[in-house]
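As given, the protein sequences belong to chains A and B, one line each in that order. Mapping the first sequence onto our numbering, position 367 (from 1) lands on 367, and the numbers just tick up by one. Mapping the second sequence onto our numbering, position 107 (from 1) lands on 107, and the numbers just tick up by one.
Some clues are possibly wrong.
Partial list, computed: chain A residues near chain B (C-beta under 10 angstroms) [to be verified]:
#1 Q44
#2 Q45
#3 L53
#4 Q54
#5 E67
#6 R172
#7 E176
#8 G177
#9 P194
#10 I197
#11 E202
#12 D301
#13 L302
#14 D304
#15 K387
Derived DEER-like restraints, expressed as beta-carbon distance ranges [said to hold, decoys possible]:
#16 A/Q54 <-> B/A39: 17 to 25 angstroms
#17 A/D367 <-> B/I46: 25 to 33 angstroms
#18 B/N98 <-> A/T417: 45 to 53 angstroms
#19 B/I46 <-> A/G130: 44 to 52 angstroms
#20 A/F245 <-> B/L106: 28 to 36 angstroms
#21 B/P94 <-> A/K57: 27 to 35 angstroms
#22 A/Y151 <-> B/L106: 23 to 31 angstroms
The set of hints was computed from the structure by calculation and includes no laboratory data. Virtual Cβ for every residue (Gly too), placed ideally from N, Cα, C.
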Amino acid sequence: MKHYDAVVIGGGSAGLSAAVTLKKQGIENIIVLEKDGETGGILQQCIHNGFGLQTFKEQLSGPAYAERFIDQAAEAGVEVLTDTMVTHIGADKTIEYVNSTEGYAKIQADAIILAVGCYERSRGAVEIPGERPTGIYTAGQAQRYLNIDGYLVGKKVFILGSGDIGLIMARRMTLEGAKVYGVAELMPYSNGLPRNIKQCLEDFGIPLYLSHTVTHIYGHDRLERIEVSAVDEKRKPVPGTEMYFDVDTLLLSVGLIPENHLADEIGVVMNPRTRGPVVDENYMTSVEGIFACGNGLHVHDLVDFVTMEAARAAEGAARWLKNGSSAGRVIRTEAGSNVSYIVPGLLHTDAMPGNVEFFFRVTRPLDAGEIIVRSGEKVLRTLKKKKLMPSEMERVLLTKQQLTGLEDNLTIEVKETE
Amino acid sequence: METKELICVNCPMGCRVSVTIEAGEVLSVTGNSCPRGEAYARQESIRPMRILTSTVKIDHALHRVLPVITSKDIPLDMMDAAMEEIRRVTVDAPVKMNDVLIENLLGTGADVIASRSMDRI
Ligand SMILES: Cc1cc2nc3c(=O)[nH]c(=O)nc-3n(C[C@H](O)[C@H](O)[C@H](O)COP(=O)(O)OP(=O)(O)OC[C@H]3O[C@@H](n4cnc5c(N)ncnc54)[C@H](O)[C@@H]3O)c2cc1C
Ligand code: SF4
Numbered sequence: 001m002k003h004y005d006a007v008v009i010g011g012g013s014a015g016l017s018a019a020v021t022l023k024k025q026g027i028e029n030i031i032v033l034e035k036d037g038e039t040g041g042i043l044q045q046c047i048h049n050g051f052g053l054q055t056f057k058e059q060l061s062g063p064a065y066a067e068r069f070i071d072q073a074a075e076a077g078v079e080v081l082t083d084t085m086v087t088h089i090g091a092d093k094t095i096e097y098v099n100s101t102e103g104y105a106k107i108q109a110d111a112i113i114l115a116v117g118c119y120e121r122s123r124g125a126v127e128i129p130g131e132r133p134t135g136i137y138t139a140g141q142a143q144r145y146l147n148i149d150g151y152l153v154g155k156k157v158f159i160l161g162s163g164d165i166g167l168i169m170a171r172r173m174t175l176e177g178a179k180v181y182g183v184a185e186l187m188p189y190s191n192g193l194p195r196n197i198k199q200c201l202e203d204f205g206i207p208l209y210l211s212h213t214v215t216h217i218y219g220h221d222r223l224e225r226i227e228v229s230a231v232d233e234k235r236k237p238v239p240g241t242e243m244y245f246d247v248d249t250l251l252l253s254v255g256l257i258p259e260n261h262l263a264d265e266i267g268v269v270m271n272p273r274t275r276g277p278v279v280d281e282n283y284m285t286s287v288e289g290i291f292a293c294g295n296g297l298h299v300h301d302l303v304d305f306v307t308m309e310a311a312r313a314a315e316g317a318a319r320w321l322k323n324g325s326s327a328g329r330v331i332r333t334e335a336g337s338n339v340s341y342i343v344p345g346l347l348h349t350d351a352m353p354g355n356v357e358f359f360f361r362v363t364r365p366l367d368a369g370e371i372i373v374r375s376g377e378k379v380l381r382t383l384k385k386k387k388l389m390p391s392e393m394e395r396v397l398l399t400k401q402q403l404t405g406l407e408d409n410l411t412i413e414v415k416e417t418e
Numbered sequence: 001m002e003t004k005e006l007i008c009v010n011c012p013m014g015c016r017v018s019v020t021i022e023a024g025e026v027l028s029v030t031g032n033s034c035p036r037g038e039a040y041a042r043q044e045s046i047r048p049m050r051i052l053t054s055t056v057k058i059d060h061a062l063h064r065v066l067p068v069i070t071s072k073d074i075p076l077d078m079m080d081a082a083m084e085e086i087r088r089v090t091v092d093a094p095v096k097m098n099d100v101l102i103e104n105l106l107g108t109g110a111d112v113i114a115s116r117s118m119d120r121i
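Bound-form chain B, shown alone (with noise of 0.2 angstroms):
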């Protein structure tokens, strides 16, 4: 048996989670404040997941590249690749925020989605 310490980064409370684990398998979480606590913890375990942000190129806006998000989780050993997904993108404005721009980026199931509305300028 063996007992982890993790730090959750679903949100800024940061709450010291330990993960009792044996033979692969997750035996008990403690220390979340919250549900979402647990599910981190036991998905940290097997294959760490992250939310990418980054910016995309934009023409005709306010500013010269528009800020993104992945709509969820993605595999943290998949950021490199991701990211060159994302440099690929350019975008004209106007932009909804939410407005999906990549969809189910490289087979993950998340999308990456505009994290801010940019008017035509």
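For reference, chain A alone in the conformation it holds in the complex (with noise of 0.2 angstroms):
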């Protein structure tokens, strides 16, 4: 069986961070494992502008973005295998993939570092009642028909769900000639960036019916006509608010889970609440040796964070790889009042390797507010903030010193202010 110290299964933003990170750390046996016919992964269908900003001080188009790293990643010599599709991973770290040059092979690694992105919630998992007509699309399907294929999927378009992915594609149809009726969205607040409801919307007058749902489906081969109904504080829709809108389209945004079937084969252990593995300071799942990050973990909005947690996540791996698993006492993070979750949800505070970024959402709109992280009783750091939006991640950063030898549970919440 061919050997190597590690393997990164996707070839997105967040592995080739990783493979080019890997290289840079001294791990030069190393591949990369791409279901696609290229790497780049979502962002060669993200053909706005808007990434990189942090990583790069200009904005640049999710293809552009990604041609940076793949120059880099052929820079630094990384071996990369697309239209190969991983199969199965063991918690022994062989790999099982298939391919139509070498059939179905199996490899073994030392490491393993998911990068394997997420995938959207589809009409089953929002149980919209009435026919099963064509024209329903994920908003992330008709974004590749579109922006890889060339295929516009209808000219009479609703959007159900303010995910970012549905507000660009209202844009995106709207300039190729659709006609884009509105964005239904069930929480009074949208999921959506404030700039994509401003750029997306706004600039070309679509409406956004905020606590409205789509309620009913009509069409017997292609859909012809949805119902759009307001929902109460309970999001149960309100009879009498009944609106119509005969379209040929309907785009669901309704939200985006990390892909996790490998790692949930071999039992590796879940956040609930991200749906993606829980990790270490390191970036290590409960599983010694494999390693998670970008969508794949949690799901991100800025690319440029995906790119720097996946360099962290191929730091610990080499320092896995060089050093063993990191001993002494463990203590989780906790999500206080008014957060959702943390990552990583694990720290080792007897071995901390260096600062540690923490990751978390709010679990509703703040219009300011305190953050507070602390471990029992003690307040570590404190940090005002306004306006925090469930649909933007927040970030703080905490040193080596304050995380060394923390003997509690460290918690972070968010306390409203005025």
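From the two separate chains plus the hints, produce the assembled complex.
Right, dumping it as structure tokens:
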């Protein structure tokens, strides 16, 4: 069996960044396995601009951001296998994959970095009553058809869910000559970035119906009409508020979920909130030698943080390859009030490798809040912030000194302030 | 005097910027995290400008379309005309990232450039 020091599964921005970082760390015998025909991942279909401001100080399109990392990986001499789908991984770190040149193959890795991205929730997950005609797509599917295959899925469009992909597609399809009738969002606030509400909806006069949902679907072969209703505080449709739109296309932009069936199969412990693996400060999962990063760990809205997080995971993997597992005390991170989740989930406080940046999201929009990080009763850091939104990931950095030797679980909470 | 709340669209930070305007003159801009936010707020109050991204047809390449982007902002009110120009273009692979595909789009001073490279196959 062929052997590698580290195998990166997925060649999106996380996988490419992880591979380049492994090389920088002196881990030379590595390979990236990617199921698509080229690397770059989801970025290849995100042709809009707005990527990389933090990393490159300019606003690149998704493909341009990807190309920088594809070039970096090539310069670093990273071996990549495209059109290669990983079908199974073992806790012994064997990897099974299929592709057209080798057929079925099995390789052995010392460390595995999962950089597998996420998938979109589909109609099954939202349960809309009515018929099952064609013309209903996830926003990402429609984006791929249009931006990679050059095919517009419909002319009269409605969008359910105010996630960023849906907003981006509202603008994109409008520019391509489709009529977008509106976007319905179940919650009383939008799940997309504020800039996308502005430049994708407001710029084109597309209405956003907050606290609304699609309540019925009509059409035999092709979608013909949808019913949209307002919802009450319990998110139940309010009778008498029905509106009808004659559309041939309904896009669903109702959430992204980390892709985790490979990790699930071998019993990697998952966080029920992120639906990705629980990792420690080295980005190692509960299975020794298996690491996770990017949208396969938790869903990100900014690619810069994906790139950065994947580099951290690769550094963690390199450390593990050289020194083995971290010993000593382990504490958990706990989401306090108004916080939905925190990554990383575990900390080895006797063996902190360096400063740790914690990623978290708030559970509801807050005009102003104070972020409080504490271990037991001991407050480690406070930070005031305006406008906290569930759609925008928050970050807070703690130093190695602050974390070293902590005995009580680390809690991050956000107190609402005036 | 009038105060407008804008969201800077120049990067995903999406800063909430307030602009104070009197008689069509921008008096002050606050809330921006960087100088680009101020420039944005001033321009937005006069004539909104945006980057346009789209695709053009490409022959002899891995995919059927190539993503393109304007080299700088163009007026929002010219998007439809700009899309019409872009739709007319077909390119032949290979293409390199930043290759100019349309020069000086509709006199805006912005070029339409390739967003990525695509090899000939
Ligand atoms: C539609 C959309 C719009 C966005 N807009 C912005 C924006 O404007 N600005 C910004 O900064 N960020 C944006 N983001 C966020 C950011 O770009 C992404 O979060 C980031 O690119 C994700 O990178 P990734 O490598 O984790 O995942 P992906 O890019 O999805 O990469 C995962 C890769 O793994 C491969 N893979 C999965 N399973 C297997 C397997 N079993 N075997 C082999 N390969 C496998 C997939 O084919 C894929 O190539 C956007 C995200 C989306 C989805
Ligand atoms: S003001 Fe600067 S940091 Fe803020 S959104 Fe605009 S460009 Fe980004």
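How the hints compare with the structure:
1. A cut of 10 angstroms between beta carbons decides the hint on A/Q44: the least distance to chain B is about 8 angstroms, and the hint holds.
2. Here the hint on A/Q45 is kept, as its CB sits about 9 angstroms from the closest CB of chain B, short of 10 angstroms.
3. A least Cβ separation of about 4 angstroms between A/L53 and chain B falls short of the 10 angstroms threshold, and the interface hint therefore holds.
4. With a cut of 10 angstroms, the hint placing A/Q54 at the interface with chain B holds, because the nearest CB-to-CB distance is about 8 angstroms.
5. For A/E67, the shortest C-beta to C-beta distance to chain B is roughly 5 angstroms, which falls under 10 angstroms, so the interface hint holds.
6. About 8 angstroms separates the beta-carbon of A/R172 from the nearest beta-carbon of chain B, less than 10 angstroms, and the hint is met.
7. Given hint, A/E176 at the interface with chain B, holds; its Cβ is 7 angstroms from that chain's nearest Cβ, closer than 10 angstroms.
8. Proximity of A/G177 to chain B holds as hinted, the smallest CB-CB distance being about 8 angstroms (cut-off 10 angstroms).
9. Annotation: interface hint on A/P194 holds; nearest CB of chain B at approximately 4 angstroms, less than 10 angstroms.
10. Among the interface hints, the one on A/I197 holds; its C-beta lies about 8 angstroms from the nearest C-beta in chain B, closer than the 10 angstroms criterion.
11. A distance limit of 10 angstroms between C-beta atoms decides the matter here; for A/E202 the minimum to chain B is near 9 angstroms, and the interface restraint holds.
12. Given the 10 angstroms rule on beta carbons, the hint for A/D301 holds: about 7 angstroms separates it from the nearest Cβ of chain B.
13. At its closest, the beta carbon of A/L302 sits 5 angstroms from a beta carbon of chain B; the interface hint therefore holds under the 10 angstroms criterion.
14. Nearest Cβ of chain B to the Cβ of A/D304: about 8 angstroms, under the 10 angstroms cut. The hint holds.
15. For A/K387, the interface hint holds, since its Cβ comes within 10 angstroms of a Cβ in chain B; the closest pair sits about 7 angstroms apart.
16. For A/Q54 and B/A39, the Cβ-Cβ distance of about 19 angstroms falls inside the hinted range of 17 to 25 angstroms, so the restraint holds.
17. Taking the beta carbon of each, A/D367 and B/I46 are about 30 angstroms apart, inside 25 to 33 angstroms as hinted.
18. Against the hinted window of 45 to 53 angstroms, the Cβ-Cβ separation of B/N98 and A/T417 comes to about 46 angstroms, which satisfies the hint.
19. Take B/I46 and A/G130: their Cβ atoms lie about 47 angstroms apart, and the range 44 to 52 angstroms holds.
20. Range check, A/F245 to B/L106: Cβ separation about 33 angstroms, and the 28 to 36 angstroms hint holds.
21. Taking 27 to 35 angstroms as the suggested C-beta distance range, the pair B/P94 and A/K57 conforms, at roughly 29 angstroms.
22. The hinted range of 23 to 31 angstroms is satisfied by A/Y151 and B/L106, whose Cβ atoms lie roughly 27 angstroms apart.
Violated hints: none; the structure is consistent with every hint.
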